[in-house]
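Listed in order, the protein sequences are those of chains A and B. According to this note's numbering, the residues represented by the first sequence are -8 to 383, in order. According to this note's numbering, the residues represented by the second sequence are -8 to 383, in order.
Don't take every hint at face value.
No copy labels: a pair is met if it fits in one copy or bridges any two.
Straight-line Cα separation of at most 20 Å, SDA-like style, residue types lysine to any residue; simulated pairs [stated by the list, open to error]:
{"id": "1", "residue 1": "56", "residue 2": "45"}
{"id": "2", "residue 1": "244", "residue 2": "-1"}
{"id": "3", "residue 1": "9", "residue 2": "90"}
{"id": "4", "residue 1": "331", "residue 2": "150"}
{"id": "5", "residue 1": "20", "residue 2": "10"}
{"id": "6", "residue 1": "293", "residue 2": "60"}
{"id": "7", "residue 1": "135", "residue 2": "110"}
What the hints contain is simulated information worked out from the structure, not anything from laboratory work. Note that the structure is a prediction, hence the values are computed from the model and not measured.
Listed below are the residues making up each chain.
Protein chains: 2
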Amino acid sequence: MARVNENYSNLKQSYLFKDIATKVAAYKKANPDKKVISLGIGDVTLPLPEKVVEALKEASDEMGKADTFRGYAPDQGYDFLREKISEHYRKRNVNVDISEIFVSDGAKSDVGNITEIFSRDNMVMIPDPVYPVYMDTNVMDGRKIIFADANKENNFLAMPDGRHADMIYLCSPNNPCGSVYSKEQLRKWVDYALDNKAVILFDAAYEAFITNDTLPRSIFEIEGAEKCAIEFCSFSKLAGFTGTRCAYTVIKKDLMLERFSLHDMWVRRQSTKLNGVSYVIQRAAEAVFTDEGMEQCKKNIKYYLDNAKLISALLKEKGIYHTGGTNSPYIWMNCPSNMKSWEFFDLLLNKTSVVGTPGSGFGMNGEGYFRLTSFGSRDNTIEAVERIRRVL
Amino acid sequence: MARVNENYSNLKQSYLFKDIATKVAAYKKANPDKKVISLGIGDVTLPLPEKVVEALKEASDEMGKADTFRGYAPDQGYDFLREKISEHYRKRNVNVDISEIFVSDGAKSDVGNITEIFSRDNMVMIPDPVYPVYMDTNVMDGRKIIFADANKENNFLAMPDGRHADMIYLCSPNNPCGSVYSKEQLRKWVDYALDNKAVILFDAAYEAFITNDTLPRSIFEIEGAEKCAIEFCSFSKLAGFTGTRCAYTVIKKDLMLERFSLHDMWVRRQSTKLNGVSYVIQRAAEAVFTDEGMEQCKKNIKYYLDNAKLISALLKEKGIYHTGGTNSPYIWMNCPSNMKSWEFFDLLLNKTSVVGTPGSGFGMNGEGYFRLTSFGSRDNTIEAVERIRRVL
C-alpha cells in the first residue's frame, strides 16, 4: 500500500498566529467599544506604486491581443526582468549574471523548495529564534537540525560556535529580530562555510530596509560567498508584492559541491516543477526598477521605517533593550519586568488594545521577547506608541 | 561537507525540444525562403478572453489604492475563486467542498510538488508514453518506477495489468496521445487503486477539450475516487493561462492512508512552502467563470478543436492510425511507411517545412509515432495539412 512521508509526523503544529487570533477575537467580543490596533502582522499595507499598477495594466492589455499575447514564460524568468535585477546588484558592486538569477513566485517557495537539491543526510543549522519555514521544510525532509543561539549577548545575531553543519540558514535583516549582520560578521559565516564545505542559505527578503550603507544587503558583497551561498530575495517587502508574488533566487555558477553544480541542479529542479512566473507580474516587477517606481518604493519603505523609529524611540526612552527598528521593519523588544512573552501579550492586549507577537513563538530564545512591526498606518502607530507608553 | 541529492544523477537529460530547435534552426538557415509552420508546441496561442483582461486590470487598480490593496492571500486561495471552482464541479454533479480545493500557480508545480507528501519507498506506475514531469519528479526522489504500456492494442490508454503500484499517474485527455479514458476504464483504475491501497494522481489539465458528454472530465465522476485520487487541473488550457499562471488541485478529505490525511498533509505543505497566488491572477481566473468569460473560453477551445479536426480528417482520409484529434488538442499518429519518429520528423521538415514532435521523445512506446498539435492558427493549420498531404 502507498505510504506517506512520515517525517510530517515530526512537525510541530504552530498555533502561534491562531492563538493570537483567538485571543484577539475574544477580547474584541468582550470589548466591542475598544479600537484594537495590530502591530503583529508581517505584511505590508501601502498600495502598489503607480508605475507598477500601470505596468500590470499594460501587460494585461498585451495578453488580450493576438499579436502581443504570451504563452509559457522562460523557466528562469524573462530576460527583461533578470537584466534589471542584475543591474540592481551591479549598483552595489555585486556581479550577478542573468543566467544566475531565477525568478519565482515567492522567496517562501524558493526557500522551501531549495532543500530538494540537497541530501537528506546533511546537518542543518538554524538560528533560534527563527522564521519557522527554515525548520519545518527540513523536518519534512527528515534532516537533523541544530540551533545557533541568537540572544542578548550577540544582539540576536547568531554566530558560528565551532559546531559543524552542512546547510546554514541566515536571515538579515532578521525576521523576527530586526537585527542586521555587518560585513565582518558575514565574513565569519562565509569563512565558516568555506572551511566546513557548507552552504549558506541567505534570506535577504528585507534587504530594501537597509539604509546604512556600510551594512551588506547581499551576501555576495562578501568575497568567497559565490562559492558557498545561495541568496533569496523578493519584491514583497521592496515593493509591497506580498499579494502580487514575485521573487528571485541567485545561485552563482561557482557554487559546486564536489562535481555537482548547484546552479545546474536548480535549473533542472525549476524547469521540471515550475512553468515560469506570470508575464504580467514580471512586467510589474520590472517597473519597480524604473526611476519613478524605485522612488515610490523607497518612499513607502521610509514610511515604514519612520513608524519603526517611533516605536524604537519609546523603547529607548524607557530604557528597554531591543534590536531592529532601524534597517528593518521589525522591533524585537525585551518584555518589561521580566514578563514572559505571552504575559506581555495579554497585558498589552488587555490594557492598551494593542496586538503584537510573542517572541516565544519563534523559538526557545524568543521567550521573554516580543515582536512589533512597523507595517501599520502612521496614525495607528502613533496611537499605539502612546498607549504602550502608559504600561511600560 | 554538504552533499547534494544524488538522485539527480539518475535523471536523463531530455534533449527532445532542444534537438528539435537545433534541427529547425539549421533548416531555416539553409532555407531562408521557406515558411516553417510549427505544429510542435503544446502552448496556446489565442489571447486571453476580454473578461479576463478586464478583471486583471480592475484588480490591478484595486492593488494601487490604499482601501482596496491586498497583502498576503490565503494559502489555499481566495474563497471567491474556490467557490467558482466548486460550482464548476457541481455542474458535472461532482461535489467538491471549497476546503478541498487548493489554488496554485500551475498544475506543473502541483504535480511536481505532490510527491513530497509521499514516502520515497512507494512504487510508482507511469504510462509510457508520458508527459516527462511524472517520471523526472520521481527520479529526483529516488522512487522505483514501472511503466504501464500504452500502445495500439489499448488505443494508447494504459490499463491495470496485474502488477502492483502505490502511486499511479494518469493523464486524460492524454498528453502526448490525445486519448481519453471512458468512465468504464477509469472505473477499473479506481477499483485497482482501492484494491492496492494506491493513490491515483490524475492530471486533468486538458479536461476542457472534452466535448463528448459521456466521457469523464474529472476522476471524481467515478465513485470511490474520493478515497484514492488527487486531481490536478489548470486554467492553462481552459482559458489560455499558460503565461498567466493559475491552477488548482483537489484532495478530498476522504483520502486517507492509514491514519494520515493527505488533505491535511497538503495543507501543511502548501502553507509552509507557498504564500498563495497573486490576487490579480485569482481575479482573472474568477472571470473565466462568468458567462461571458466561459463563452469566450469555449469559443477558443472550439477553434483549436476545429484545427485538430482538419488534421484528423487528413489522417483518416489516408488511412493512418492515430489517437486524439477529438476531445483533445493533440493528434498522435503512426508514422507512415513504418518510419521511425525522427525519420518522419526529418522528412516532414525537409519536404514540407512543417515541425512536429517525435513520439520517441515521450517514451519507448512512442517510437514510430508522432505528435501534432492544434494550437497553430487556422491558416497555418490548413496550409500545414495541405503540405503534409503531399508526403503521406
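Quick rundown of the hints versus the structure:
1. 56 - 45: both (17 Å within a copy, 13 Å between copies)
2. 244 - -1: between (33 Å within a copy, 17 Å between copies)
3. 9 - 90: between (41 Å within a copy, 18 Å between copies)
4. 331 - 150: Neither: 25 Å inside a chain and 61 Å across chains, both beyond 20 Å.
5. 20 - 10: Within. Shortest intra-copy distance 15 Å satisfies the 20 Å Cα cut-off; inter-copy 66 Å does not.
6. 293 - 60: Intra 37 Å, inter 19 Å, cutoff 20 Å: inter-copy only.
7. 135 - 110: For residue 135 and residue 110, the Cα distance is within 20 Å both inside one copy (11 Å) and across copies (18 Å).
Checked against the numbered hints given earlier, the structure breaks only hint 4 and satisfies all the rest.
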